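Trainee: First to last, the protein sequences are chains A, B and C. Numbering follows the numbering used here, with no gaps: position 11 of the first sequence is 11. Numbering follows the numbering used here, with no gaps: position 57 of the second sequence is 57. Numbering follows the numbering used here, with no gaps: position 417 of the third sequence is 417.
Since the hints were made in silico from the structure, they are not lab data. Nothing here was measured: the structure is a model prediction, and the numbers come from that model. All C-beta atoms, glycine included, are put in the ideal place defined by N, C-alpha and C. Hints may contain errors.
Straight-line Cα separation of at most 20 Å, EDC-like style, residue types lysine to aspartate or glutamate; simulated pairs [to be verified]:
no.	chain 1	residue 1	chain 2	residue 2
1	B	Lys144	C	Asp189
2	A	Lys68	B	Glu135
3	B	Lys144	A	Glu35
4	C	Lys24	B	Glu112
Simulated DEER-style distance windows between Cβ atoms [what the hints assert, rightly or not]:
no.	chain 1	residue 1	chain 2	residue 2	range
5	C	Glu639	A	Pro115	47 to 57 Å
6	A	Glu137	B	Leu150	23 to 33 Å
7	B	Glu135	C	Asn530	43 to 53 Å
8	C	Lys597	B	Pro102	48 to 58 Å
9	A	Glu137	C	Pro532	12 to 22 Å
10	C	Gly234	A	Glu89	33 to 43 Å
11	B	Glu135	A	Arg53	47 to 57 Å
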Amino acid sequence: MNVEIKGIRFFAWVVEESNYLQGEDRMKEIFVRIERCVGCHSCELACAVEHSRSKNLYEAIYEIPRPKRRLYVEQMEGRRIPFLCRHCEDAPCVRACRTNALLQDPVTRIVTHSPERCIGCWLCAMTCPYGVINREEERRIAIKCDRCPQREEPACVKACLTGALVFLEEQDFASLVRREAISRTF
Amino acid sequence: MGSSLRIFLRPERCINCYACEVACEKTHEGMGNIKVQGVPLVCLHCEVPPCITSCYRGALEIKEGIVVIRKDYCTNCGICVLSCPFGAIMVTEVERDGKKIPRIHKCDGCWERPYGFAVCALTCPSGAIGWERFEDAVVSKREKVYRLYLRG
Amino acid sequence: MRDPISSVVCPYCGAGCRFGLVIKDGRARDICYDSDHPVAQGALCPKGNSALDLLYHPDRLLFPYRRDSHGRRHRISWDEALKTISTKLLQIRSDFGPEAVGFLASAKVSNEENYLFQKLARIFGSPNIDHCARLCHAPSIVALSRSFGSGAMTNPIKDLENARCILIIGSNFAENHPVVSRWVWNARDRGAYIISVDPRVTPTTKMAHLHLMIRPGTDGLLLNAMMAQILREGLENRDFIRSRTEGFQELEPILRSVNIEKVSKQIGVPLGDIITAARRYANSSASSIIYCMGVTQHRSGTDFVASCANLALLCGHIGRSGAGVFPLRGQNNVQGASDMGALSEFLPGYVPVGDVERRRSIVSLWNQKDIPVGGLTITEMVDEILSGKIRALFVLGENPLVSDPSGAETERALSRLDLLVLEDIFPTETAELAHFVLPAAMWAEKSGSYTNTERRVQWSPKVLDPQGESKPDLWIIGNLGRWLGIWESIPTPEEVLREINKVVPLYGGITPERLLGRREGLIWPCPEENHPGSPILYVERFNRENGLAKFYPYDADRDATPTEEDTFSLITGRVVVHYNSGSITRRIEALSRYEPKLEVTIHPKDAEKLGIRAGDLVTVRGEREAVDAIAKISSQVREGSLFMPFHFPEANRLTPRDLDPLARIPSFKDAKCKISTKGT
Chain A
1 MNVEIKGIRF
11 FAWVVEESNY
21 LQGEDRMKEI
31 FVRIERCVGC
41 HSCELACAVE
51 HSRSKNLYEA
61 IYEIPRPKRR
71 LYVEQMEGRR
81 IPFLCRHCED
91 APCVRACRTN
101 ALLQDPVTRI
111 VTHSPERCIG
121 CWLCAMTCPY
131 GVINREEERR
141 IAIKCDRCPQ
151 REEPACVKAC
161 LTGALVFLEE
171 QDFASLVRRE
181 AISRTF
Chain B
1 MGSSLRIFLR
11 PERCINCYAC
21 EVACEKTHEG
31 MGNIKVQGVP
41 LVCLHCEVPP
51 CITSCYRGAL
61 EIKEGIVVIR
71 KDYCTNCGIC
81 VLSCPFGAIM
91 VTEVERDGKK
101 IPRIHKCDGC
111 WERPYGFAVC
121 ALTCPSGAIG
131 WERFEDAVVS
141 KREKVYRLYL
151 RG
Chain C
1 MRDPISSVVC
11 PYCGAGCRFG
21 LVIKDGRARD
31 ICYDSDHPVA
41 QGALCPKGNS
51 ALDLLYHPDR
61 LLFPYRRDSH
71 GRRHRISWDE
81 ALKTISTKLL
91 QIRSDFGPEA
101 VGFLASAKVS
111 NEENYLFQKL
121 ARIFGSPNID
131 HCARLCHAPS
141 IVALSRSFGS
151 GAMTNPIKDL
161 ENARCILIIG
171 SNFAENHPVV
181 SRWVWNARDR
191 GAYIISVDPR
201 VTPTTKMAHL
211 HLMIRPGTDG
221 LLLNAMMAQI
231 LREGLENRDF
241 IRSRTEGFQE
251 LEPILRSVNI
261 EKVSKQIGVP
271 LGDIITAARR
281 YANSSASSII
291 YCMGVTQHRS
301 GTDFVASCAN
311 LALLCGHIGR
321 SGAGVFPLRG
331 QNNVQGASDM
341 GALSEFLPGY
351 VPVGDVERRR
361 SIVSLWNQKD
371 IPVGGLTITE
381 MVDEILSGKI
391 RALFVLGENP
401 LVSDPSGAET
411 ERALSRLDLL
421 VLEDIFPTET
431 AELAHFVLPA
441 AMWAEKSGSY
451 TNTERRVQWS
461 PKVLDPQGES
471 KPDLWIIGNL
481 GRWLGIWESI
491 PTPEEVLREI
501 NKVVPLYGGI
511 TPERLLGRRE
521 GLIWPCPEEN
531 HPGSPILYVE
541 RFNRENGLAK
551 FYPYDADRDA
561 TPTEEDTFSL
571 ITGRVVVHYN
581 SGSITRRIEA
591 LSRYEPKLEV
601 TIHPKDAEKL
611 GIRAGDLVTV
621 RGEREAVDAI
631 AKISSQVREG
641 SLFMPFHFPE
651 ANRLTPRDLD
661 PLARIPSFKD
671 AKCKISTKGT
């Protein structure tokens, strides 16, 4: 199948790739488009609320332990960048964890953290190349992104107003980028 | 607690030079608490330490974020050695009254040293062992990622 | 109450770290770390950490002694020792002429002691003064002096963290100068690209993004190929070449004719890697080159260093923050000893001995008309001893038996001498041959200034009393000069430094008053009293007469020699816990337990071919001799090469005596040898 954009024909794979592969092992991931981030911190707020007991901003602020965010929007040299867990293929934090508090789902590659096993040694934080494992002060254990297991779409992505965070499958993200590139070119 | 200094390793930086081992042994009368095998292996001063949980005498305690052994309570039973997931609690045989007896020792953050604490962190030539605020260390990691992103 | 802390300079490598000694009841009890010091922020390597074991080691020499013809030691008094030595020296001078006496200065003693020692040698009438910079960085002094104008590091070590690309060639600083790795890691964390060129896998190559595992001895080919690629892509800095250099037209045709594809096969590195390295080095905003003995200790060491300089000049990566050439020096005062003119071809301040006018003006300050010229270097002295021209040797704190190439020949030579005087802190291998052994005080037991690899001159005060009858080297040299009738009084270190201020313009403003108050020292050139020192060289102009740097072309293709089958090339090098000839570190248990015995590293495939298993005792057969070592099997070395640390007396028995024609450095890094299990 061919498509036509502004009078030029393209092969279908450019646009239609997302429909190409379908099966159980296709997982969505959170992708970051750094240039779109304006540093509004909505994602951080949404993340903290999502990980509260009440799931409501007005109640959450009085909760103990205080709900904490799991992703971090940092401002560096005038740029704003959201840092969040990449759920690495061969996650160094999982390899470093000696108490099996961090476990990785072999299919979805999501790294989950069980607070009851965590001893607060911070070896995970030391080995994480992105610096996205933080500490919860009250319980003195590690906290990290769990990609919102109860939700269809993670709270941070839902809250992102500018489309800096997108929740897509790898191929979809790639084709999204390609589509954008094409529309910029022509 | 939240803002206190704690040990923070950068394992990728370790150049296996044994400086920390030599310095630690010098400071602790030959009973070194750190070992290097490609990465520095030392007590990480866990915040929910299994050694404290397991010790039936209550001989281990957290003092300003540092897990220390109270020598007069310790019976050298070795249960903490078994419970430590990192093998950071060491056993050395020492001679006393002509007999060899095991002594339990572990990193004390150079608690009693008057000339600056944590000699391993002070001496590490490559900066693999740091003694800093947790938040600062994590943010410096993110900064590193940012610089890599800039480099392309 | 805290005990007083005295800050001293570390006695080991050339990085020049400082640490505090906690002194209680006249004894050093502890080390404390000086976190504000600019070299390494107080960090120390294992050697620095074991400095106390060194001070109070039971093996220390405490009394002067004489060895009789049966090898028995007789303790003598200082007066007797100095009197006999000076009488014998005068006797040899009147019998065979002053050229029959050789003097070996030391890179381990202070600037003042080296200055006085070379002055003593030269006024005594002997041109034969040299020290072990000959064995490590003589090519750097020669090549960098003629290219840039000074043979030293261009930027401070700390400045490495501002680099955007670092090319490490022939240096394993993670083991030899561990504190340097801190700044390289910082640079890497700031986004710098690290390229390492090394025929071995080492802790240094671990920190590199790109590791070029070249065949030993092909550094020149690689550097030329990189430059050729830079020219081919037009990445050279034309503005810089035009305005600040000369001689490029001679280099260009050589580089244009380089066939990179062929070089890639010769050096055994993929073509893509060479191109990546060239592009990264040329394109970054500030690139640095770190090199060390892997470049210098070759038959063409001077040319290799010249190639490093050419590469930096070609891209204009010099004279800015983060951009420079970093030759890492090995010993705490090897830079200072060279500055003080303890080399046969240079007078203090790198005045060539052939330059009659400047030489006369210097020696007139010593109340002399002229001094002899045309001295011999360390390796040549050994040859001349064998030919009978040199009859006496005065060695100041060196261990030539272990550190010089072809150990057997050196041993034969030293045992032929009429008079061998050794001044040292430990009874080294050389002491077994010496007629007189004089005990020297250690670094914390005397004061003096030391110049580290980044040209930082630091004062190390006397904080302890010398043990036994050991004496500061300055006292020994001064007294010897008195007995020889060269001068009347023994100067203090401060007085000598004041004389240096007058004689050496680079040190003009580094007065004792200024140095004593500054823990961080001063960086030469510092010509005047109120000059702040020059951390970065060549910002405006180069030190050559016309202010331009010069390209020295090197046709690397000429030197490429094919290796024979079943001959291995032996790389000698250092390991982290040992220091140079090992006479210190092999005695310290805290260090030697990590590397107690001589091991030779061999690639698993070679080992399988020869039936060598890990831990086997093997015989390594060099051109002249064979030594035994324990086999260590590891793919850290290339196929066809072996590695052996030179801290053990055996290693340098295998190295050849081939010299670089200009710098006269022996080629320690590519000895040819064969290996087999012992007994076969």
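Trainee: Against this structure, judge whether each hint is valid.
Mentor: Comparing the hints with the structure gives:
no. : hint                            : in the structure
1   : B:Lys144 / C:Asp189             : 5 Å, holds
2   : A:Lys68 / B:Glu135              : 14 Å, holds
3   : B:Lys144 / A:Glu35              : 18 Å, holds
4   : C:Lys24 / B:Glu112              : 18 Å, holds
5   : C:Glu639 / A:Pro115: 47 to 57 Å : 51 Å, holds
6   : A:Glu137 / B:Leu150: 23 to 33 Å : 32 Å, holds
7   : B:Glu135 / C:Asn530: 43 to 53 Å : 44 Å, holds
8   : C:Lys597 / B:Pro102: 48 to 58 Å : 30 Å, violated
9   : A:Glu137 / C:Pro532: 12 to 22 Å : 47 Å, violated
10  : C:Gly234 / A:Glu89: 33 to 43 Å  : 40 Å, holds
11  : B:Glu135 / A:Arg53: 47 to 57 Å  : 24 Å, violated
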